[in-house]
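With chain B's structure known, arrange chain D on it following the hints.
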Amino acid sequence: MKSAVIVFPGSNCDRDMAVAIEQASGVKPVMLWHRETEIPAGIDLIAVPGGFSYGDYLRSGAMASRSPVMAAVKAAADKGVMVLGVCNGFQVLTESGLLPGALMRNAGIHFVCRDVALTVENSQSAFTSRYQAGEQITIPVAHHDGNYFADAVTLDWLEGEGRVAFRYAESVNGSARNIAGILNEGGNVLGMMPHPERACEPAHGNTDGARMFAGLVEGMMASA
Amino acid sequence: MKARVFVTLKNGVLDPQGKAIRHALEGLGFAGVNDVRAGKMIELDLADGTSDADIDAMCAKLLANTVIENYRIEKLG
Numbered sequence: 001m002k003s004a005v006i007v008f009p010g011s012n013c014d015r016d017m018a019v020a021i022e023q024a025s026g027v028k029p030v031m032l033w034h035r036e037t038e039i040p041a042g043i044d045l046i047a048v049p050g051g052f053s054y055g056d057y058l059r060s061g062a063m064a065s066r067s068p069v070m071a072a073v074k075a076a077a078d079k080g081v082m083v084l085g086v087c088n089g090f091q092v093l094t095e096s097g098l099l100p101g102a103l104m105r106n107a108g109i110h111f112v113c114r115d116v117a118l119t120v121e122n123s124q125s126a127f128t129s130r131y132q133a134g135e136q137i138t139i140p141v142a143h144h145d146g147n148y149f150a151d152a153v154t155l156d157w158l159e160g161e162g163r164v165a166f167r168y169a170e171s172v173n174g175s176a177r178n179i180a181g182i183l184n185e186g187g188n189v190l191g192m193m194p195h196p197e198r199a200c201e202p203a204h205g206n207t208d209g210a211r212m213f214a215g216l217v218e219g220m221m222a223s224a
Numbered sequence: 001m002k003a004r005v006f007v008t009l010k011n012g013v014l015d016p017q018g019k020a021i022r023h024a025l026e027g028l029g030f031a032g033v034n035d036v037r038a039g040k041m042i043e044l045d046l047a048d049g050t051s052d053a054d055i056d057a058m059c060a061k062l063l064a065n066t067v068i069e070n071y072r073i074e075k076l077g
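As given, the protein sequences belong to chains B and D, one line each in that order. Following full-length UniProt numbering, the numbering of the first sequence begins with 1 at its first residue and continues without gaps. Following full-length UniProt numbering, the numbering of the second sequence begins with 1 at its first residue and continues without gaps.
Treat the hints with care, since some could be wrong.
Stated by the list, open to error - As a list, the in silico SDA-like pairs of lysine to any residue whose alpha-carbon atoms are at most 25 Å apart: (1) B:K74 to B:A126; (2) D:K61 to B:G97; (3) B:K74 to D:K61.
Simulated from the structure, these hints should not be mistaken for lab results.
The following block holds chain B by itself, in its conformation from the complex:
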């Protein structure tokens, strides 16, 4: 399985993401700088990592979503390549239109940095196949702008199609319907605020995040 991790100026979870993917797949991801205009041939998974791309100028993820590499990521996603956006990566995916809605300032104003309980809402996706629907897992969050917003019609549409992948099982940031992660229509793009790559080794305190990467790799190997 071949993968790529996008690196923007200000990304800071890119290397953690690369380690998590390498541990699951046995293959080092290609690190792709934001000025790249093409995704190398044969890439099965693109990760858009967390951080503060472009210093969060204008809006979190706004500048990154208009960078050259994102046009290539959009084209790849349209062809069915798996795309995982975590934290700032989720903000980049909503800003780029790959996922609906927007991520606004946390309702409580404060930056939230701690372990949170999540409920797995959809265990049928390629990203969540190693989880049980309704299962509660623990994944850390670290964000200022994680308050998911979409209008009621969009929220009903997401829920109706089972596209809410994860929900906060506790109050975290004021997200509409406690949404922590959503899928695109094709199920090949997932954006989530919590950081699965930070819960991959016993030394991290828990390994709930490792199952996401293991499930992804397993699914891709099976379909390859």
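The following block gives chain D in isolation, referenced to the frame of chain B:
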């Protein structure tokens, strides 16, 4: 020519920053501040003859996120 773009949150979109500003004003002893909504103003220095359609496209494509924000353009001549 210059143009100013005012970007504001849509009605019904929660504005935690505005709420915090209101609380701070209250803390300073200003009574009667019912609500505060915070936005941003972006000033553009443009080549003469830049079309209104182009300025509008700048707003829609980058300066505002129309999922949550409205924008208003003020041309300064």
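### Query
Can you give the numbers of the hints that this structure goes against, from lowest to highest?
No hint contradicted; all consistent.
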